[in-house]
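Undergrad: One line per chain: the protein sequences are A, B and C, in this order. Quick note: the first sequence uses this note's numbering, first residue 1, plus one each step. Quick note: the second sequence uses this note's numbering, first residue 1, plus one each step. Quick note: the third sequence uses this note's numbering, first residue 1, plus one each step.
Hint data in this document are derived by calculation from the structure and do not stem from the laboratory. Errors might be hidden in some of the hints.
[Stated by the list, open to error] Here are some chain B residues pointing at chain C (derived, C-beta under 10 Å):
#1 N130
#2 P182
#3 L200
#4 G201
#5 M210
In this text the structure is predicted, and so the values were computed from the model without any measurement. Just so it is clear, CB atoms sit at the ideal spot from N, CA and C, and this is done for glycine as well.
So you can see what is in the structure, the chains are spelled out below.
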Amino acid sequence: MADFIQLLVAGLATGGIYALVAIGFTLLWQTSQTINFAQGEFVMLPAFFMLGAMSVLGLPFWGAVVVGILVAALVLGVLFKRLVVDPMLHHGVLPLAIATMALSLFLKEAVKDFYSAEAQPFPPLAADVNVSFLGAAVSLQSLIVVAIAIGAVVALQLFLNNTQTGRRMQATAQNPTVARILGIPVERMILLAFVINAVLAALASALVTPIYLAKFSNGEYLGIAAFIAAIVGGFNQVRGAILGGLLLGVVDNFAAAYLSAQYRAAIPLVLLIVVILFRPQGLLGRVEERTV
Amino acid sequence: MSRARILLGSATGLIIVAGLIAAPFGLKPYGIYILTLWAVTAIAAIGLNLTLGYAGQISLAQGAFVGIGAYAAALLTTHGWPLGAAYVVAALACFAIGWLLGYPALRVQHHYLAFVTLAFSTLIYLVLRNEEWITGGIYGISNIPRPSLFGYLLRSPRDFYYFCLANLALVSLAAWWLIRSPWGRAFVALRENPVRALSLGVDTRRYTLMAFALGAALGGISGVLYAPLVQYIDPTPFSLLLSLNLLLMVIVGGSGYFFGPFVGAVVAVLLPEWLQSADRLYDALGPLSDVMRFVLPPDALKYVAKHYLVAYAIFVMVLLVFRPSGIIGFFQRRFTRRKPDTPPAAPVTQAKVA
Amino acid sequence: MAVLEVRDLSKQFGGIHAVEGVSFDVNEGEILGIIGPNGSGKSTLFNCILGQLHPTSGEVRLDGRAVTGMRPCDLNRLGVSRTFQLLQVFPELTVRENLILAAQEHKGSMLTRLFGARDVGLTGDAGRMIEFFRLAHVAEAKAGALSYGQQKLLDAAMAFMAGPRLVLLDEPAGGVNLTMLANLRDRLAAINREEGATFVVIEHNMEFVMALCSRIVVLAEGRIIAQGDPADVRRDPKVIEAYLGH
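The following block holds chain A by itself, in its conformation from the complex:
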């Protein structure tokens, strides 16, 4: 039982991170039909911004996190949209997706070539202690990750549902044409979605990097995990991404513990294939009939 709770909390921590990355992923898809194959690299990179802020600007850790998030919002949000997405949009979904594959390669190789190919140490979020939780010893770090992830998701939901800008963004996501007719500044809403995606990714970066250390290849698995979470949960739903992320994180941790460590990475992939084949709209997604 104690094992179970430990694994569950660790799974929820991982899952919370996946969910943050997956939410941004679905936001981009909904607002601008962008499939971001560089999403994993969007999580890998901000950790290096934060390391830079600490070493170059000499900021304390939390200050560096804030700077890292701001830089990410600018580079991975605004610049990504202006330089990669905008010029590609009229070419269609697939060419844009391929451009983001190239972007992923670029970010990864650039960090490897110009920063370091080695894993860089990254400060922990909390001291490496365990706290007692329902009779099990659970790492404080995991609890903090879960708390921050939940906080971010709740804040996002509050923003989307209770502010005018948030509701405008939802309208844009549901039907850009109608939103434009209603006088909603669609372009600005889409840009905002890109910024939110970058901020969530940077936040995920700050949460995940203490566990894996900062390395150029960190995004490879995270990106796939985010795709899987988004698809499993339902691509056109924010809450689908949350469910998918948590589910994936828990499955991931339990699979590693109870099934096969070697094939740990295979289980989410199999899950993905099964969901795509048998329930392509995802667990919470809506079916859209094939248009002829």
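Based on the hints, put chains B and C in the right spot on chain A.
TA: Below, chains B and C without anything else, positioned relative to chain A:
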């Protein structure tokens, strides 16, 4: 097509083929190795161009098929079988697996398909790495022999290069025949408008599966040649990166153009080596070499070569923005000036699955 | 003798009844018009008959044989052909190749299509179709480079390429200019007269429908509200009401 264009085209083709045949005599073994690698890579890219470029089905699994082919060749030839047997086994196995991988494409399109194939590719990589009892795991398989042809062992780099070049020629001819046959027409119809194709009696299901299976089989053949080329294989080269690279090659060269994969493979395999050795290449230019040294300084080119993947990725993005039809598409439009540049792989109607 | 029988066909999307309990026959050699206000379920009806959508309930019979839910490509090879509301040609293929493609799957097997003649012996047929639809001057041009009206003609020509017995045309006159329209109407009438092909035509252009069709079915909100002779249908108060609204 005008007579002048046909003449120009044939002349260019002849010069390139003559150059490929003559090349080993002016190259060191490493140069021949790189050129062989180009031929082997081009075969895999031709396969992906059938699947993606002509039939419009995105696949991020071509690298996995190269891996399957390479391991089939490595396992069979190190156990005393001739490469010909591996050739048949790998082509058939990849055809069958590719056929199965095509089934998801019948249900989902575009990015969903990209993810399914990506997942498949990663799964194959995990199998190659983990199933040590058969694949040797991370230690790989070494001492892969070079093949013999009619009792003659193709040991030297030059002999093996000609063997691979001949294979490339055969694959090219077969692909040329295929895309000019009614199948090729059906593939293009499938890419441009699957719903309309279906209403005209085109069994889109069968052609989709065929497009995957044929592309995969060529991936397998490429792998069969890769194993004896490098003579030692481990799972590393067959990761998702290879699939991604092959996809970018097809796009860069010109997706849906016959010569696209050849050019794409030049950019991905040969160009970095040329940049690296720009200095020596300039020497061959005689009086022009100083001009070239000024315009494109060898040190700068070396720097680009050192960070080639970074430069390559930027190049791909810029190309996609301005010339989504790739290098061949760019030149083709240059000469014919038909209509605005459009991405050839974008279907007219998109089945919405969300 | 009915070529096509539609029996009690219904299609729901979620809770919405797009088509509800529709039954009608299409007789050999006739041109049947299907009219109705926007959103009355005409295109959904076509898509259900042709296997592009699966009907929720009901049956479709071709020559007395149930073909409900049969794949469009199989149905096409049984001699049922169609055009779509929006233009559907293959822009990267030439006009001639579009036409050859439209019939190639009716000839031979997968093997003969791979190893046999490149034109599947259809160059002659394609040539005749090009003449018939007056596309000779653009025969070797890519379909994407044609004018809208020419593409519309090609679209229709493709539907006839394999010599179908039954052709379903979804708004053939949509967006076509007057001269081209007269041309199209004459071509369709000629094929009906000379080859005895049976047509079902969805159309908004009343003049076009009245001139071409021998019988008309009127749909409103997914149901048939009237059918019969064009002149009668035109005077039917229910039809007038459906078009003018309540």
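Undergrad: All hints, please: hold or fail.
TA: Here is what the structure says about each hint:
With 10 Å as the threshold, the beta carbon of N130 (chain B) stays out of range of chain C, its nearest partner Cβ sitting at about 38 Å, so the hint is violated. At about 4 Å, the closest approach between the beta carbon of P182 (chain B) and any beta carbon in chain C falls short of 10 Å, and the interface hint on this residue holds. Interface restraint check for L200 (chain B): the shortest CB-CB distance to chain C comes to about 5 Å, inside 10 Å, so the restraint holds. Taken as an interface hint, G201 (chain B) checks out: its beta carbon lies about 4 Å from the nearest beta carbon of chain C, inside 10 Å.
The interface hint given for M210 (chain B) holds, since its Cβ lies 8 Å from the closest Cβ of chain C, which is under the 10 Å cut-off.
Hint 1 from the earlier list is the only one contradicted by this structure; the remaining hints agree with it.
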